[in-house]
Amino acid sequence: MSNSKEWPLWEVFLRSRAGLDHKHCGSLHAADGPMALQLARDVYTRRQEGVSIWVVRADHIHASDPTDKAALFDPMADKIYRHPTFYELPDEVDHM
Amino acid sequence: MYTQAMDIPHTDGPTAVPAIDEQAREAEFNERAGRGEIVEAKDWMPEAYRKTLVRQISQHAHSEIVGMLPEGNWVTRAPSLKRKTILLAKIQDEGGHGLYLYAAAETLGTSRDQMLDALHTGKAKYSSIFNYPTLTWADIGVIGWLVDGAAIMNQVPLCRCSYGPYARAMVRICKEESFHQRQGFDLLLALSKGSEAQRAMLQDAVNRWWWPVLMMFGPHDKDSQNSELSMKWGIKRISNDELRQQFVDATIPQGELLGVSFPDPDLRWNEARGHYDFGAIDWSEFWNVVNGHGPCNKERLQARVDAWEEGAWVREAALAHAEKQAARVAAAA
Amino acid sequence: MNASITALNPAHAPYVLRIADGSLILAQRLSECCGHGPALEPDIALTNVALDLLGQARLLLSHAGALEGAGRDEDALAYWRDASQFRNPTLCELPNGDFAQTCLRTFFYVAWQAQLWTALSASKDAALAAIAEKSSKETRYHCEHLAGWVVRLGDGTANSTERLQRALNYLLPYTNELFVDDDTDLAAAAAGIGPLPSSLNDAWTAQVQAVLAEATLKLPATTPFRSSGRRGQHSEAMDYVLAEMQSVARAHPGAQW
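Residue numbers (our numbering), protein chains in the order written: chain A, 11 to 106; chain B, 62 to 394; chain C, 2 to 258.
Each hint should be verified, as a subset may be incorrect.
Stated by the list, open to error - Straight-line distance between alpha carbons at most 16 Å, and here's what the computed EDC-like set of lysine to aspartate or glutamate pairs gives:
| id | chain 1 | residue 1 | chain 2 | residue 2 |
| --- | --- | --- | --- | --- |
| 1 | A | Lys79 | B | Asp178 |
| 2 | B | Lys103 | A | Asp75 |
| 3 | A | Lys15 | B | Asp178 |
| 4 | A | Lys15 | B | Glu377 |
| 5 | B | Lys184 | B | Asp174 |
| 6 | B | Lys385 | C | Asp156 |
| 7 | B | Lys293 | B | Asp82 |
| 8 | A | Lys15 | B | Glu384 |
| 9 | B | Lys385 | C | Asp184 |
| 10 | B | Lys103 | A | Asp69 |
| 11 | B | Lys293 | B | Glu98 |
| 12 | B | Lys385 | A | Asp69 |
| 13 | B | Lys143 | C | Asp156 |
| 14 | A | Lys15 | B | Glu98 |
| 15 | B | Lys103 | A | Asp78 |
| 16 | A | Lys15 | B | Glu89 |
| 17 | A | Lys79 | B | Glu384 |
| 18 | B | Lys143 | C | Asp53 |
| 19 | B | Lys236 | A | Glu59 |
No lab work stands behind these hints, which were simulated from the structure alone. Treat the numbers as computed from the prediction; the structure is a model and nothing was measured.
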């Protein structure tokens with residue numbers, strides 16, 4: 011087992027066509043950002059899967075903790091007044 | 062490509078038996094997974110789940126990478142430019158599949174280097190089929206038709222397994238895999254319509270690969286480690302014998318289209334069962350290959366070790382350059 | 002492609018064949034690397050370069066065969082000519098060597114192709130201009146990718162710098178051939194088919210020297226060495242490359258694959 015350092019891990023995000031968001035599609039190892047971009051092109055877009063690539067070092071991503079799911083997301087459940095369907099209006103103006 | 066990880070005894074060391082409340086948590090986890098709930102990377106999971114998945118996913122990845130070698134052996138000699146192009150793209154796909162799988166395994170807390178180290182030191186296994194040599198151009202077509210065909214049967218159910226990153230990698234892989242089987246069959250179709258020498262080459266390849274391909278599905282169910290958990294976790298949905306039977310039933314008619322016979326005097330359609338009967342598998346050959354004594358185990362592993370060791374200076378140089386660049390950017394800021 | 006197209010003059014087909022053979026033989030060398038790269042990702046990337054080059058070769062060989070008008074298709078040209086009939090520059094047939102040599106050799110050639118495709122956009126041969134236009138996009142990526150490796154290896158560790166310097170000292174003389182005009186080139190240029198090789202020298206040199214400087218390499222002194230693959234006189238490596246590439250096809254004359 012060698013002591014050499016590993017190439018860092020990068021997460022890859024692809025925009026499949028104009029108008030859509032970049033979506034996570036996987037990861038790869040590369041020594042630096044420009045290499046990561048090129049390798050992402052060669053690994054993840056061989057079948058024309060994308061028109062734009064973002065690569066982010068995996069250790070630069072801040073992610074929510076799954077154990078916090080309840081505290082983070084449950085409180086949104088009872089704020090139904092944020093949704094248009096909460097409001098019953100007369101038919102004449104219901105198209106709002 | 063296929064992995065036999067579930068059925069081959071492994072030497073990871075014993076998994077610690079969890080405490081009582083942990084056991085309850087595990088049982089609940091297993092029930093939820095069994096109901097089709099998806100587990101993602103940072104979710105809590107039993108240690109047994111994590112270890113099993115790391116092993117299965119990484120060995121699946123190793124199989125893809127080692128699988129590049131038998132076909133790489135003929136890419137420089139492909140007899141037409143069209144076939145050369147197609148084969149090169151296929152081998153490249155296999156590298157890509159390995160990469161998607163290594164990426165999925167890394168979400169479970171292992172690293173690429175650790176997984177490769179396990180492969181290179183012989184601790185991790187890869188599918189036994191890749192320890193057979195490709196001796197003629199026809200072998201390339203047979204690998205696409207039979208080996209990829211077998212792999213596809215195993216892989217499609219994995220697209221619904223409980224671990225999100227693995228399932229998503231499998232969806233990607235399955236999309237690309239069907240080209241692999243089609244190109245193999247297309248290659249053999251050309252041989253089957255060709256000269257006497259080409260047809261003989263085709264039959265010879267089928268004769269050599271048929272039994273090893275059947276062994277790809279792993280030991281008989283009665284000799285396999287029974288894993289109810291793997292069923293719950295969705296990483297093994299159909300039994301070895303069932304898959305093997307499905308494969309034989311699908312493949313025999315395809316062989317008829319190619320005008321080939323199969324090297325099994327006991328092969329015959331069983332009207333009562335509604336399936337093909339086939340002969341006894343030589344399991345001593347299977348275990349020999351799995352244990353490192355197959356036709357080219359050593360060559361396959363050595364090729365991977367050589368590539369990795371010879372590439373060390375390249376990987377180091379790339380990192381050194383990245384560090385220099387980062388320092389320059391910081392100094393300029 | 003038509004079964005036969007009218008060549009503008011007798012130099013037309015040979016001129017196109019030279020470009021085709023360069024792509025083919027370099028693709029063949031790069032395909033040897035597949036599965037043996039220093040890491041999985043660069044392995045996949047380099048194979049993409051090989052696939053692009055193979056695609057160029059197929060288009061150009063088909064076009065050359067049509068111009069020749071003797072009924073030879075891409076496979077007839079690839080598998081049934083002997084070494085002396087191949088017209089790739091010797092640079093393309095040299096062994097891959099280590100990763101430094103592989104990257105530098107490929108970089109030298111794709112940087113040359115980049116200049117060539119630009120010049121060919123003005124070709125009186127519309128089909129050739131179209132192939133050049135399509136290929137120029139791939140080649141632009143190849144140049145970026147390979148230049149990136151040359152710089153990383155040249156300005157990496159002491160070991161990688163040494164290896165790349167060794168590769169440079171060995172390979173640079175083989176690039177001299179890329180810029181020598183002979184009768185075929187003169188006749189083709191006169192008919193507006195394509196540029197004189199010598200006309201590509203300045204731009205190529207500027208691009209390459211910039212990359213080599215960033216890679217912290219020392220340019221070896223120019224030498225009078227001239228390889229002669231473009232004239233059909235190859236190195237000893239060429240016959241081995243063809244022996245491997247053509248072996249299965251030649252073992253079955255007339256077979257379809």
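Structure-based check of each hint:
As the CA atoms of A/Lys79 and B/Asp178 are separated by approximately 36 Å, the hinted pair breaks the 16 Å bound. Distance check on the hinted pair: B/Lys103 and A/Asp75 sit about 7 Å apart at the alpha-carbon level, within 16 Å; holds. At roughly 13 Å between alpha-carbon atoms, A/Lys15 and B/Asp178 fall within 16 Å of each other, so this suggested pair holds. Proposed proximity of A/Lys15 and B/Glu377 is supported: the alpha carbons are some 8 Å apart, at most 16 Å.
Only pairs whose Cα atoms come within 16 Å are accepted, and B/Lys184 paired with B/Asp174 is accepted, the gap being roughly 14 Å. Proposed proximity of B/Lys385 and C/Asp156 is supported: the alpha carbons are some 8 Å apart, at most 16 Å. Our distance criterion of 16 Å between C-alpha atoms is broken by B/Lys293 and B/Asp82, whose separation comes to about 20 Å. Restraint check: the Cα-Cα separation between A/Lys15 and B/Glu384 comes to about 12 Å, which is no more than 16 Å; the hinted pair holds.
About 48 Å separates the Cα atoms of B/Lys385 and C/Asp184, which puts this hinted pair outside 16 Å; it is violated. For the hint linking B/Lys103 to A/Asp69, the alpha-carbon distance of about 14 Å falls within 16 Å, and the restraint holds. Between B/Lys293 and B/Glu98 the CA atoms are separated by roughly 11 Å; this keeps the pair inside 16 Å, and the hint holds. Straight-line distance between C-alpha atoms of B/Lys385 and A/Asp69 comes to about 20 Å, which puts the hinted pair past the 16 Å bound.
Of the pairs offered as hints, the one joining B/Lys143 and C/Asp156 is violated, with about 39 Å between alpha carbons and a cut-off of 16 Å exceeded. Proximity of A/Lys15 to B/Glu98 is assessed by CA-CA distance (about 37 Å); at most 16 Å being required, the pair is judged violated. The hinted pair formed by B/Lys103 and A/Asp78 meets the criterion: a straight-line CA distance of about 11 Å does not exceed 16 Å. With a C-alpha separation of about 39 Å, the suggested pair A/Lys15 and B/Glu89 falls outside the 16 Å cut-off, and the hint is violated.
This hinted pair does not check out: A/Lys79 and B/Glu384 have alpha carbons roughly 38 Å apart, beyond 16 Å. With a CA separation close to 13 Å, the supplied pair B/Lys143 and C/Asp53 stays within the 16 Å bound. At roughly 12 Å between alpha-carbon atoms, B/Lys236 and A/Glu59 fall within 16 Å of each other, so this suggested pair holds.
In this structure, the earlier hints numbered 1, 7, 9, 12, 13, 14, 16, 17 are contradicted, and the remaining ones agree with it.
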